[in-house]
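Chains as they are written, first to last, in our numbering: chain F, 1 to 429; chain G, 1 to 263.
Hints are computed from structural coordinates only; laboratory data are not their basis. Glycine included, every Cβ here is placed at the ideal spot set by N, Cα and C. Warning: the hint list may mix true and false statements.
[As the list claims (entries may be wrong)] Here are the computed distance ranges between Cβ atoms for each label pair:
id, chain 1, residue 1, chain 2, residue 2, range
1, G, 199, F, 405, 53 to 61 Å
2, G, 65, F, 395, 16 to 24 Å
3, G, 123, F, 397, 32 to 40 Å
4, F, 295, G, 173, 52 to 60 Å
5, F, 132, G, 124, 49 to 57 Å
[To be verified] Coverage of chain G stretches by chain F, computed from C-beta distances (three or more under 8 Å per stretch; other residues unrestricted):
id, segment
6, 95-107
7, 158-170
[To be verified] Below 30 Å or equal to it, Euclidean Cα-Cα: the simulated BS3-like pairs (lysine-lysine) are:
id, chain 1, residue 1, chain 2, residue 2
8, G, 263, G, 60
9, G, 100, F, 261
10, F, 261, G, 60
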Amino acid sequence: MHRLLVFLAIPLWAQAPPNHQRDLDSFEKVWTTIRDKHWEKSPGGLDWQAIHAEFRPKVEKAQNIDEVRGLLTEMLGRLHQTHFGILPATVYEEVGVLGDADAIGEGSSGIDLRMLEGQAVVTRVDPGSSAERAGVKPGWSVKLANGVNLQAAASELEADPSIPEIISTRVLLGRISGPVGGKTQITFLDEAGAEAKRELALAAPRGRMASFGNLPDTPVWFESKLIDAASAGSKGPAGYVRFNYFLDLQRVMEGFGGAVKACQNCSGMIIDLRGNPGGIGAMAMGMAGYFLDQPGLRLGTMYLRDAQLNFAVNPRFPSFAGPLAILLDACSASTSEIFAGGLQDLHRARVFGSRSAAAALPSVIDRLPNGDGFQYAVGNYISEGGKPLEGVGVTPDSEVRLTRAGLLAGHDAVVEAALGWIETEKAAK
Amino acid sequence: MNREKALRRLLSGAFFAALFAACVFLPAGPALSEDTPTAEAILDRFVEVTGGKAAYQQRKSEVVHGTVEFSAMGLKGSMVEYFEEPGKFYMAMDLAGVGKIESGLIDGVAWENSVLQGARVKTGEEQAQALREAAMNSFDHWREVYPKAEVAGEEQVDGELCYKVVLTPAEGKPESMYFEKKSGLMRKTTVVAASQLGDLVAESISKEYRRFGDILAPAKVTERVAGQEFTLTIDSMEANQEIPAEKFAFPDEVKALLARQKK
Numbered sequence: 001m002h003r004l005l006v007f008l009a010i011p012l013w014a015q016a017p018p019n020h021q022r023d024l025d026s027f028e029k030v031w032t033t034i035r036d037k038h039w040e041k042s043p044g045g046l047d048w049q050a051i052h053a054e055f056r057p058k059v060e061k062a063q064n065i066d067e068v069r070g071l072l073t074e075m076l077g078r079l080h081q082t083h084f085g086i087l088p089a090t091v092y093e094e095v096g097v098l099g100d101a102d103a104i105g106e107g108s109s110g111i112d113l114r115m116l117e118g119q120a121v122v123t124r125v126d127p128g129s130s131a132e133r134a135g136v137k138p139g140w141s142v143k144l145a146n147g148v149n150l151q152a153a154a155s156e157l158e159a160d161p162s163i164p165e166i167i168s169t170r171v172l173l174g175r176i177s178g179p180v181g182g183k184t185q186i187t188f189l190d191e192a193g194a195e196a197k198r199e200l201a202l203a204a205p206r207g208r209m210a211s212f213g214n215l216p217d218t219p220v221w222f223e224s225k226l227i228d229a230a231s232a233g234s235k236g237p238a239g240y241v242r243f244n245y246f247l248d249l250q251r252v253m254e255g256f257g258g259a260v261k262a263c264q265n266c267s268g269m270i271i272d273l274r275g276n277p278g279g280i281g282a283m284a285m286g287m288a289g290y291f292l293d294q295p296g297l298r299l300g301t302m303y304l305r306d307a308q309l310n311f312a313v314n315p316r317f318p319s320f321a322g323p324l325a326i327l328l329d330a331c332s333a334s335t336s337e338i339f340a341g342g343l344q345d346l347h348r349a350r351v352f353g354s355r356s357a358a359a360a361l362p363s364v365i366d367r368l369p370n371g372d373g374f375q376y377a378v379g380n381y382i383s384e385g386g387k388p389l390e391g392v393g394v395t396p397d398s399e400v401r402l403t404r405a406g407l408l409a410g411h412d413a414v415v416e417a418a419l420g421w422i423e424t425e426k427a428a429k
Numbered sequence: 001m002n003r004e005k006a007l008r009r010l011l012s013g014a015f016f017a018a019l020f021a022a023c024v025f026l027p028a029g030p031a032l033s034e035d036t037p038t039a040e041a042i043l044d045r046f047v048e049v050t051g052g053k054a055a056y057q058q059r060k061s062e063v064v065h066g067t068v069e070f071s072a073m074g075l076k077g078s079m080v081e082y083f084e085e086p087g088k089f090y091m092a093m094d095l096a097g098v099g100k101i102e103s104g105l106i107d108g109v110a111w112e113n114s115v116l117q118g119a120r121v122k123t124g125e126e127q128a129q130a131l132r133e134a135a136m137n138s139f140d141h142w143r144e145v146y147p148k149a150e151v152a153g154e155e156q157v158d159g160e161l162c163y164k165v166v167l168t169p170a171e172g173k174p175e176s177m178y179f180e181k182k183s184g185l186m187r188k189t190t191v192v193a194a195s196q197l198g199d200l201v202a203e204s205i206s207k208e209y210r211r212f213g214d215i216l217a218p219a220k221v222t223e224r225v226a227g228q229e230f231t232l233t234i235d236s237m238e239a240n241q242e243i244p245a246e247k248f249a250f251p252d253e254v255k256a257l258l259a260r261q262k263k
């Protein structure tokens with residue numbers, strides 16, 4: 001389908017109107033979208049028609065695309081709301097945020113990356129993957145990927161505050177990916193700082209392909225285990241659950257319930273949502289039910305144009321009443337934030353790691369006639385504690401960051417901090 | 001069978017509503033003319049044109065099979081419903097990728113259960129709504145359910161001029177029903193439905209009336225709630241079937257919940 005759309009787009013672009021008309025069309029598209037899709041009938045409390053009357057003549061007089069972008073940004077800025085913005089077309093060209101998905105491909109070498117200390121650092125190597133077979137270790141940094149200087153790219157991306165870390169990370173992951181069945185050439189810097197060149201086979205991504213309505217099939221994996229207390233420097237076993245999406249509803253929900261059931265005698269539970277970009281919002285409510293025994297609680301409220309939706313939680317049994325730690329990082333978004341933020345607000349969980357992606361709203365990135373990107377949100381979500389998550393994110397109770405040195409030494413500082421807290425809680429009781 | 005009521009039951013399990021916004025716009029209608037019938041006459045006419053009071057009163061149970069589709073989301077599934085007087089009800093939807101979503105009513109206990117949200121027992125306005133809907137399975141009971149009914153105007157629904165009748169239940173918010181002037185058939189309902197997610201404005205459009213036994217009922221009902229639109233298509237509706245008691249029994253999850261609540 002993606003290829004078909006690209007094919008169809010070619011003649012449209014070839015027949016594009018003159019630049020000024022495209023800029024005017026872009027202005028109209030932005031203004032109309034906000035008028036029709038913003039969750040407030042008077043977006044931002046503004047007279048949106050008056051905004052049109054004010055800005056349209058200015059756009060008509062604009063001399064170049066930079067002026068148009070400035071005007072659109074100023075107009076969106078009047079909303080004083082996050083996740084409304086214009087992404088210059090050059091951003092797409094430079095970092096490939098949206099385009100060229102086919103060229104990037106879905107093949108995986110089994111490596112997960114994060115931006116740490118200005119570098120693209122391996123944070124996880126999937127068991128059985130080509131990366132594991134090639135001896136790649138967490139803590140190694142990626143210097144070159146298929147001829148692209150990823151070290152420089154990571155540094156530039158990290159220095160640009162306009163690009164969220166979740167996007168930067170996806171860009172970097174895209175650079176080490178490719179078509180399934182292909183190979184990726186990566187030059188790492190190992191624990192000694194020496195170059196380690198590897199050619200890694202790209203396999204289908206980890207997980208089982210899951211369908212949900214019109215969403216593209218997505219590989220979903222779920223894992224749960226009891227962390228061996230001794231090896232983690234802890235005094236008692238803790239349950240550990242991690243999954244990459246809030247999708248594959250039946251399997252993941254049943255796996256989650258099964259993990260809770262198997263953990264009735266655990267000293268605590270850790271739900272690791274690092275890197276989890278979200279999925280079906282209602283799964284946050286369903287999962288939270290295993291940790292709350294009081295009816296009538298909710299994680300938060302979503303405000304849409306004509307509805308106010310409570311993210312209500314039903315207590316579920318068998319539940320888990322012990323210490324609950326949730327792990328987040330800058331790539332934890334949407335449903336992950338709703339789940340973590342709600343349970344944090346209800347004082348039921350302690351959050352470890354780093355601030356989440358602050359992308360808890362259903363927001364859309366669309367392309368404008370002039371080639372720029374336009375991001376807009378269609379709803380507002382307020383966590384139960386009264387805080388918006390959008391643009392703010394979930395702030396951990398214990399800020400713990402991975403370091404390259406720690407990873408090289410075989411430590412996951414975030415998991416260890418959570419385990420330490422669980423032990424403290426257990427000891428206190 | 002009142003299909004709009006059946007669809008409204010889906011709301012209680014409709015987590016889909018958590019995803020998108022709704023926009024329901026109800027334009028004001030023209031003033032009432034002197035020959036506008038009373039609400040009572042409009043409702044009684046609906047009973048008459050869909051089969052008559054005797055036909056409704058003969059229906060003591062009902063088994064419905066159909067399909068449900070959330071077209072915008074690309075979700076489809078099956079639906080089954082059992083109803084038996086007095087006040088026994090069970091409905092299950094099974095959607096690909098979502099699993100089974102069940103709801104029911106027995107001995108005055110209204111419940112729902114799903115893989116996604118677990119089990120819960122409805123209370124307050126939600127429970128009252130479930131009881132009311134079970135009673136309204138047979139539309140000729142409307143006087144017992146709605147102490148107040150009045151005509152509020154005339155409006156176009158799908159190109160047909162309809163009487164708008166506002167019915168006020170003993171407990172709960174007023175509901176609007178739209179009856180086609182020409183045929184007397186119900187074409188639309190709008191309600192503020194109580195749900196766990198909050199009060200949601202729900203609009204149902206009834207189409208393709210056809211005969212199911214002695215009763216004329218819509219074979220297709222499209223519901224819009226909180227930005228979501230889904231369509232229920234009835235494949236079969238059989239009256240006075242012998243329904244095994246276990247069809248109305250509480251699922252294990254609901255039994256466990258009720259047992260905990262008694263402690």
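Quick rundown of the hints versus the structure:
Separated by about 54 Å at the C-beta atoms, residue 199(G) and residue 405(F) satisfy the suggested range of 53 to 61 Å. Look at residue 65(G) against residue 395(F): about 50 Å separates their beta carbons, and that is not inside 16 to 24 Å. Judged by the Cβ atoms, the range 32 to 40 Å given for residue 123(G) and residue 397(F) holds: they are separated by roughly 34 Å. Between residue 295(F) and residue 173(G), the C-beta spacing of about 23 Å breaks the proposed range 52 to 60 Å.
About 55 Å separates the C-beta atoms of residue 132(F) and residue 124(G), a value consistent with the hinted range of 49 to 57 Å. Counting residues of the segment 95-107 of chain G whose CB lies closer than 8 Å to any CB of chain F gives 4, which reaches the minimum of 3, so the coverage claim holds. Three residues within the 8 Å Cβ limit are the bar, and the segment 158-170 of chain G against chain F gives 0, so the coverage statement is violated. Among the hinted pairs, residue 263(G) with residue 60(G) is inconsistent with the structure: their alpha-carbon atoms are about 36 Å apart, more than 30 Å.
Our distance criterion of 30 Å between C-alpha atoms is met by residue 100(G) and residue 261(F), whose separation comes to about 21 Å. Simply put, residue 261(F) and residue 60(G) have alpha-carbon atoms about 42 Å apart, too far for the 30 Å limit, and the pair is violated.
Figure legend: structure checked against the earlier numbered hints; hints not met, in rising order: 2, 4, 7, 8 and 10.
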